[in-house]
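With UniProt numbering, the residue at position 200 of the sequence shown is 200, and numbering never jumps.
Hints listed in this document are in silico derivations from the structure and should not be mistaken for laboratory results. Small disclaimer: the values here were computed from a predicted structure and weren't measured. One or more of the hints may lead you astray.
[Said to hold, decoys possible] Cut-off 27 Å, straight-line C-alpha distance, at most; resulting in silico cross-link-like pairs (DSSO-like, lysine-lysine):
#1 K220 to K89
#2 K182 to K223
#3 K223 to K157
#4 K220 to K157
#5 K220 to K182
#6 K89 to K157
#7 K46 to K157
#8 K182 to K157
#9 K89 to K46
#10 K94 to K223
#11 K182 to K89
#12 K46 to K220
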Amino acid sequence: MIRLDSISKVYPGGVTALDDVHLHIDAGEFVSIVGQSGTGKTTLVKLLIAEEHPTHGRLEIGGWDITAIRERDVPMLRRQMGIVFQDFKLLANKTAFENIAFALEVAGEPRSRINHAVNQLIELVGLDTAVHRFPHEMSGGEQQRVAIARALAHRPKILVADEPTGNLDTLNTQEIIRILRKINEFGTTVLLVTHNREVVNGLRRRVITMEDGRIIHDQKTGKYVI
């Protein structure tokens with residue numbers, strides 16, 4: 001599903017963000033990537049979504065070599081991947097329903113398909129009571145659920161969640177992780193990038209620990225050890 005072979009990323013000025021990283025993630029896995037700030041986690045996410053390109057090595061997603069992906073092919077890649085960020089990135093002038101629908105509208109989906117899909121996603125993430133609210137009328141947990149639903153609009157095979165609970169309290173964090181577990185149970189590969197030790201230890205799933213741009217631990221059912 002995801003394969004990195006000898007991946008390195010060196011930024012201008014000689015700053016090495018990733019150093020000879022080897023990683024294989026199978027379809028349907030739930031993997032947490034952990035480590036202190038500046039260890040390469042964010043750069044890894046940027047490579048996966050083709051926001052950056054590796055300096056060396058080979059990167060494959062679903063058998064597709066995206067090492068030097070062309071700009072015109074990036075939208076096609078991102079339709080196969082759902083992406084959730086810490087800061088939600090919702091459109092302020094659109095309701096929860098409209099934010100989710102927008103992801104399908106820009107892809108030219110028919111209105112009947114959009115309405116059906118959005119209603120299914122709202123039910124999946126438990127947003128029934130907030131469906132017609134604007135972002136400023138929603139709690140942080142509700143906004144993140146909208147962001148997750150939007151990321152799932154194209155039924156991606158992979159969901160990349162980059163610090164999705166970073167701005168949430170404990171109760172909302174637990175709810176978001178419950179939703180991510182449910183998504184994974186449906187067969188979607190989930191890649192969770194997080195600093196939250198309690199979340200990682202509670203999941204009891206595969207944990208990859210990064211330090212200085214390298215993978216230093218890869219535990220099948222691990223814990224946050226740093």
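Going through the hints against the structure:
| no. | hint | in the structure |
| --- | --- | --- |
| 1 | K220 to K89 | 32 Å, violated |
| 2 | K182 to K223 | 21 Å, holds |
| 3 | K223 to K157 | 25 Å, holds |
| 4 | K220 to K157 | 21 Å, holds |
| 5 | K220 to K182 | 20 Å, holds |
| 6 | K89 to K157 | 21 Å, holds |
| 7 | K46 to K157 | 18 Å, holds |
| 8 | K182 to K157 | 14 Å, holds |
| 9 | K89 to K46 | 16 Å, holds |
| 10 | K94 to K223 | 39 Å, violated |
| 11 | K182 to K89 | 23 Å, holds |
| 12 | K46 to K220 | 24 Å, holds |
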